[in-house]
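These protein sequence lines are chains A and B, in that order.
Position one of the first sequence corresponds to residue 175 (my numbering), numbered consecutively onward.
Position one of the second sequence corresponds to residue 231 (my numbering), numbered consecutively onward.
It is worth saying that the hints were derived from the structure and are not from the lab.
Misleading hints may appear alongside valid ones.
Partial chain A-side listing against chain B, Cβ under 7 Å, derived [to be verified]: (1) Leu236; (2) Ile238; (3) Leu291.
Just a sample of chain B residues kept apart from chain A, beta carbon distances all over 10 Å, derived [claimed, not checked]: (4) Glu237; (5) Arg279; (6) Glu336.
Think of the CB as a built atom: it goes at the ideal place given N, C-alpha and C, for glycine as much as any other residue.
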Amino acid sequence: MSMASSDCICDVGKHVPMASSALRPTPEDELREWGGPTLVRGKRVLDLGCGDGRFALGVASLAISVEGIDPDPEAIAAAKRTARKAGVQNVRFATGMAQHLEYPDASFDVVILSWTL
Amino acid sequence: MVDALGEVHRVLAPGGTLIDARPDSRVRAYAERRKPRGFERFGVVRTSRLEVANDRASDRAIARVVRDGLFKRVRRGRFWHLVPFSSLGELRTYLSEHLRFVHRAEWVVDRATRQRHSHDQFVIRRAVRYELLEAVGSPRDLSGPDHRVTFRN
């Protein structure tokens with residue numbers, strides 16, 4: 175198992191909010207550690223357990239499309255609000271459970287379980 | 231948990247990538263004071279027993295779907311993530327409210343040192359693990375009753 179040399183510091187300001195996404199590495203940091211933008215560039219991405227859309231929105235500019243699924247309706251509402259404000263067109267959020275995904279077979283090139291499993 | 235991974239396999243195109251990333255409870259986390267250059271270790275922060283058990287269940291779930299031939303391991307690694315706090319008090323509040331860690335750090339510096347630096351900036355340094363897995367075969371291979379995969383943790 176490799177150990178990356180760089181440290182990731184998420185910039186959450188002076189006070190650390192208790193919202194979970196603020197306590198996690200940034201999407202850029204995570205993607206870099208996993209292997210870089212090529213992992214999602216031009217791909218159909220499913221972010222399972224997307225929470226408030228932190229990662230899904232972070233990779234939207236690279237992917238063809240991103241679907242974010244989370245069982246928490248409040249988190250999904252927050253993700254939709256953020257997406258609307260940011261004017262992101264290729265991301266969709268929906269409530270749902272990972273055990274029952276309402277997508278046809280082979281719908282995605284990449285599935286991300288970021289702090290989900 | 232394994233049911234979810236079976237669904238992930240179904241919706242992934244053959245050769246598609248599953249990325250599993252989460253905090254690594256096998257590695258200790260640390261409470262550290264930020265210095266002008268670098269960090270000074272003030273304590274050890276252990277993961278709660280429940281979260282350790284959850285992480286092990288996740289590991290077993292991944293191992294199961296690999297064994298069942300749904301995925302093959304491609305690459306894995308680990309990196310450090312620093313959660314910043316503006317003071318020692320804020321770090322303590324975080325620990326008392328957060329479920330992943332035990333609620334008190336095991337300090338490796340004495341009380342006077344902690345008090346002297348209580349208004350300094352701190353971080354919790356924790357390990358994050360990730361693994362990339364490749365979806366193997368066609369999802370249709372698993373659709374018939376003879377190929378039905380039953381999942382148990």
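Hint-by-hint comparison with the structure:
no.	hint	in the structure
1	Leu236	14 Å, violated
2	Ile238	13 Å, violated
3	Leu291	4 Å, holds
4	Glu237	5 Å, violated
5	Arg279	18 Å, holds
6	Glu336	21 Å, holds
Against the hints set out earlier in the document, violations occur for numbers 1, 2 and 4.
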